[in-house]
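Quick mapping for you: the protein sequence lines, in order, are chains R and E. Counted from 1, the first sequence has number 104 at position 104 by UniProt numbering; the numbering is strictly sequential. Counted from 1, the second sequence has number 261 at position 261 by UniProt numbering; the numbering is strictly sequential.
No lab work stands behind these hints, which were simulated from the structure alone. One or more hints might be untrue.
As the list claims (entries may be wrong) - Using 30 Å as the maximum straight-line C-alpha spacing, the simulated BS3-like pairs for lysine-lysine come out as follows:
id : chain 1 : residue 1 : chain 2 : residue 2
1  : E       : K274      : E       : K235
2  : R       : K368      : R       : K302
3  : R       : K242      : R       : K294
4  : E       : K274      : R       : K368
5  : R       : K442      : R       : K462
6  : R       : K240      : R       : K294
7  : E       : K388      : E       : K199
8  : E       : K98       : R       : K368
9  : R       : K98       : E       : K298
10 : E       : K368      : R       : K95
11 : R       : K368      : R       : K294
12 : R       : K379      : R       : K462
2 protein chains.
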Amino acid sequence: MVGSVVAAAAVGDALEGFGNVKADPLPEEFVFDPEAAPAALNDAENGAGGAEDERSKAVVLGRNVHASCLDVTEPDADDEETGEREAYMASVLAKYRKSLVEKTKHHLGYPYNLDFDYGALAQLQHFSINNLGDPFIESNYGVHSRQFEVGVLDWFARLWELEKDQYWGYITNCGTEGNLHGILVGREVFPDGILYASKESHYSVFKASRMYRMECVKVGTLVTGEIDCADFEKKLLENKEKAAIINVNIGTTVKGAVDDLDLVIKTLENCGFKDRFYIHCDGALFGLMMPFVKRAPKVTFKKPIGSVSVSGHKFVGCPMPCGVQITRLEHINTLSRNVEYLASRDATIMGSRNGHAPIFLWYTLNRKGYRGFQKEVQKCLRNAHYLKDRLRDAGIGAMLNELSSTVVFERPLDEEFVRRWQLACQGNIAHVVVMPNVTIEKLDVFLNELVQKRSTWYPDGKVQSPCVAADIGEENCACVLHKSRAI
Amino acid sequence: MVGSVVAAAAVGDALEGFGNVKADPLPEEFVFDPEAAPAALNDAENGAGGAEDERSKAVVLGRNVHASCLDVTEPDADDEETGEREAYMASVLAKYRKSLVEKTKHHLGYPYNLDFDYGALAQLQHFSINNLGDPFIESNYGVHSRQFEVGVLDWFARLWELEKDQYWGYITNCGTEGNLHGILVGREVFPDGILYASKESHYSVFKASRMYRMECVKVGTLVTGEIDCADFEKKLLENKEKAAIINVNIGTTVKGAVDDLDLVIKTLENCGFKDRFYIHCDGALFGLMMPFVKRAPKVTFKKPIGSVSVSGHKFVGCPMPCGVQITRLEHINTLSRNVEYLASRDATIMGSRNGHAPIFLWYTLNRKGYRGFQKEVQKCLRNAHYLKDRLRDAGIGAMLNELSSTVVFERPLDEEFVRRWQLACQGNIAHVVVMPNVTIEKLDVFLNELVQKRSTWYPDGKVQSPCVAADIGEENCACVLHKSRAI
Chain R
1 MVGSVVAAAA VGDALEGFGN VKADPLPEEF VFDPEAAPAA LNDAENGAGG AEDERSKAVV
61 LGRNVHASCL DVTEPDADDE ETGEREAYMA SVLAKYRKSL VEKTKHHLGY PYNLDFDYGA
121 LAQLQHFSIN NLGDPFIESN YGVHSRQFEV GVLDWFARLW ELEKDQYWGY ITNCGTEGNL
181 HGILVGREVF PDGILYASKE SHYSVFKASR MYRMECVKVG TLVTGEIDCA DFEKKLLENK
241 EKAAIINVNI GTTVKGAVDD LDLVIKTLEN CGFKDRFYIH CDGALFGLMM PFVKRAPKVT
301 FKKPIGSVSV SGHKFVGCPM PCGVQITRLE HINTLSRNVE YLASRDATIM GSRNGHAPIF
361 LWYTLNRKGY RGFQKEVQKC LRNAHYLKDR LRDAGIGAML NELSSTVVFE RPLDEEFVRR
421 WQLACQGNIA HVVVMPNVTI EKLDVFLNEL VQKRSTWYPD GKVQSPCVAA DIGEENCACV
481 LHKSRAI
Chain E
1 MVGSVVAAAA VGDALEGFGN VKADPLPEEF VFDPEAAPAA LNDAENGAGG AEDERSKAVV
61 LGRNVHASCL DVTEPDADDE ETGEREAYMA SVLAKYRKSL VEKTKHHLGY PYNLDFDYGA
121 LAQLQHFSIN NLGDPFIESN YGVHSRQFEV GVLDWFARLW ELEKDQYWGY ITNCGTEGNL
181 HGILVGREVF PDGILYASKE SHYSVFKASR MYRMECVKVG TLVTGEIDCA DFEKKLLENK
241 EKAAIINVNI GTTVKGAVDD LDLVIKTLEN CGFKDRFYIH CDGALFGLMM PFVKRAPKVT
301 FKKPIGSVSV SGHKFVGCPM PCGVQITRLE HINTLSRNVE YLASRDATIM GSRNGHAPIF
361 LWYTLNRKGY RGFQKEVQKC LRNAHYLKDR LRDAGIGAML NELSSTVVFE RPLDEEFVRR
421 WQLACQGNIA HVVVMPNVTI EKLDVFLNEL VQKRSTWYPD GKVQSPCVAA DIGEENCACV
481 LHKSRAI
């Protein structure tokens with residue numbers, strides 16, 4: 001690693017003019033070992049933790065861990081002639097590419113569809129495509145992709161049944177931006193409203209309440225991970241004087257649980273909140289899968305909801321994170337009113353916006369269409385059931401929510417195994433999210449390895465299934481106590 | 001265009017199961033004419049407008065303009081066999097690519113360096129690279145590029161003179177995210193602090209104050225666009241009881257003005273704000289150019305500043321928007337404390353984060369190094385002076401701030417010309433931002449066209465230079481009244 005003192009001196013030289021900057025030599029040993037990095041105790045992608053919070057916070061605060069780092073080094077004056085620099089960088093990239101292939105192969109824990117082919121779009125990487133600002137207001141900056149973006153937005157507005165002249169939306173950078181936007185719209189509609197969200201909501205929902213200085217009430221959940229509407233009712237009745245802004249999960253992060261939208265609406269109405277509520281649907285993953293599941297309750301703007309967001313890099317698959325946000329046009333006008341400082345409507349969270357993401361989405365939607373997605377959803381659900389059944393056959397407690405392709409099971413004892421398969425863990429449980437790129441073959445490799453390794457994690461090879469009844473319910477648990485009843 | 005009623009019915013079918021979905025036919029005439037789109041009256045990338053605000057707001061509110069849109073259509077059942085769909089999409093992309101080449105050629109108004117070659121990185125587009133969460137806390141998701149990100153962050157921390165173990169930062173999605181982050185950190189350090197920003201600050205600064213429910217005081221500017229520290233002092237003294245959070249512009253959006261950081265700090269101290277202030281430096285464009293300008297006042301963490309952000313897609317050049325945010329590690333601990341719901345440090349605004357952007361930045365920093373940037377900065381400043389001089393020679397009022405490559409001049413009367421050269425306009429003025437890809441040859445073509453066209457914009461060919469003294473100062477104005485003194 002380049003010492004920061006030495007490097008700072010080099011910067012100092014460079015600042016002064018044309019001084020002959022002596023570049024730091026390239027590190028002799030090329031530092032590149034992501035495996036050596038410590039895994040987070042809990043993963044940032046996951047929602048709220050339990051008792052572990054304090055422990056892990058104590059670990060990460062006040063540190064700035066350079067677990068693995070590829071230094072930027074100053075080129076030598078003669079680098080251009082010798083070509084040494086180019087060779088060095090090509091070798092870095094080749095090694096990196098190889099590690100990505102490997103990592104992509106062993107990936108099960110995150111809801112990212114890694115199966116895409118955007119070769120036809122490689123030609124566009126040469127352009128700085130930027131959809132700055134509002135997708136419906138043309139900018140003078142010509143190198144944009146608004147025509148693709150609006151096409152994609154129209155598709156989603158149709159999916160969620162909002163007329164073309166009544167919706168507003170944009171393509172975001174990720175699921176978090178969608179939640180930040182939906183909750184901000186809710187707050188602008190009801191400035192004194194209280195934010196309600198189940199405790200298994202994505203962490204960005206709670207981040208929003210803090211950022212926006214909103215009162216936030218956490219609602220309990222059922223063992224499935226769904227919002228507990230009895231608790232919701234109790235909390236609503238305690239705060240009857242203030243409007244309600246509700247985050248409804250269409251697939252929670254950890255358990256893939258789908259909140260019962262109809263029951264949430266009924267609870268609000270029963271508690272006397274008629275017309276005094278705003279619902280944001282966080283459809284990060286399942287918002288796009290659910291429309292293709294026959295029995296699923298429908299997410300639609302024909303119901304009194306205010307906004308829906310989904311991620312684009314999850315079920316659709318995209319080289320970089322992105323998302324889609326759709327809301328009612330009337331709310332955007334609320335958001336944009338009284339903004340004295342702005343010359344034009346400023347309704348997005350971000351300013352400059354990635355213009356490549358809309359093209360990736362447009363390309364996939366056009367190629368696959370409703371029919372294509374439907375087939376993939378069915379494949380995912382089928383494979384998820386296969387995984388759950390095979391886990392249970394092996395005596396491992398596992399849960400799969402009805403509308404979900406997220407299989408939850410006991411957390412493997414070996415952190416190296418967890419890392420290798422990139423499982424997202426929380427407390428005692430881990431999960432696999434079955435995406436279109438997760439085949440039966442891949443699941444079999446995983447299952448066989450899990451069963452084989454598991455037998456070595458216990459003393460004397462005597463496997464003792466841990467009790468995960470509190471996490472996934474007694475009927476799904478395979479511990480000594482619950483086994484007989486469960487499986 | 002696909003009628004939304006018809007389309008909604010098609011969705012309905014698809015929802016029900018395997019019904020034979022009749023796809024809408026492809027539109028006969030392929031709608032693709034970005035030129036036909038109306039230009040915004042004021043551009044979203046720009047800062048606060050003046051008298052035009054109300055007018056343009058009235059125009060954009062309550063509408064959802066589908067100026068140009070490439071519909072997503074359902075593939076026909078036999079598309080796979082006929083290859084028609086593939087051919088259609090290839091033709092869309094080819095046309096789009098051609099339009100991008102054209103648009104990129106005639107681009108002067110936005111501070112984006114369009115001159116980059118990331119061919120070596122095309123191989124990475126096949127991967128879903130995601131640096132979710134904190135760059136210094138490893139995630140179990142293996143397909144990330146944290147090792148590149150941390151390398152880039154180290155480089156910027158060195159540039160701004162903050163020790164490796166004392167900084168925290170991340171690669172953002174754009175300049176706005178940097179400002180949102182810096183101001184949020186300021187608010188968490190001083191929860192009751194007042195946000196001060198000059199009226200020529202980027203609109204995201206004012207958006208932040210609204211989002212975060214912070215009191216915001218707008219400070220006047222000099223004709224150069226710099227913050228007026230006399231006005232700043234007056235406003236500080238009116239609010240002595242509350243801490244101050246200040247946004248300092250290292251290059252304003254419209255005039256490229258650099259606020260005098262040293263004078264801002266002195267003013268704070270003179271007003272008795274010692275230890276009760278937080279400074280965020282919005283270095284969107286010039287934050288990266290200034291270190292290479294000899295006479296420029298230094299942006300450094302050796303001064304009492306809290307955070308600095310720059311855009312990555314501007315001076316460096318990148319296919320998609322991105323930015324770099326650096327702050328003091330101690331502040332991040334403030335931000336992360338008392339977050340009961342999180343299992344781990346959650347200090348970024350976004351959750352899932354684009355893992356490609358860090359690799360683009362790493363690649364360019366490694367290839368160009370300090371020396372390379374220095375050369376490019378000098379070229380930009382030289383070419384900006386050339387443009388300003390040539391404009392003045394032609395009798396056109398123009399201003400160029402000393403540390404800037406943004407040339408401000410009278411707004412061309414013809415909107416088509418403005419669109420063709422993608423000039424960013426505000427009120428009576430337009431600007432050209434001279435980036436590394438803007439050559440003397442390109443400037444000559446622009447200048448010749450401007451001078452030639454300009455002679456046709458006035459009745460009888462009698463050019464009357466408008467008075468822009470209020471915008472850029474009497475000494476830079478070329479109107480009848482100020483001409484003699486000015487040029």
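Query raised in the report: Looking back at the hints listed earlier, which ones does the structure fail to meet?
Result: 3, 4, 6, 9, 12
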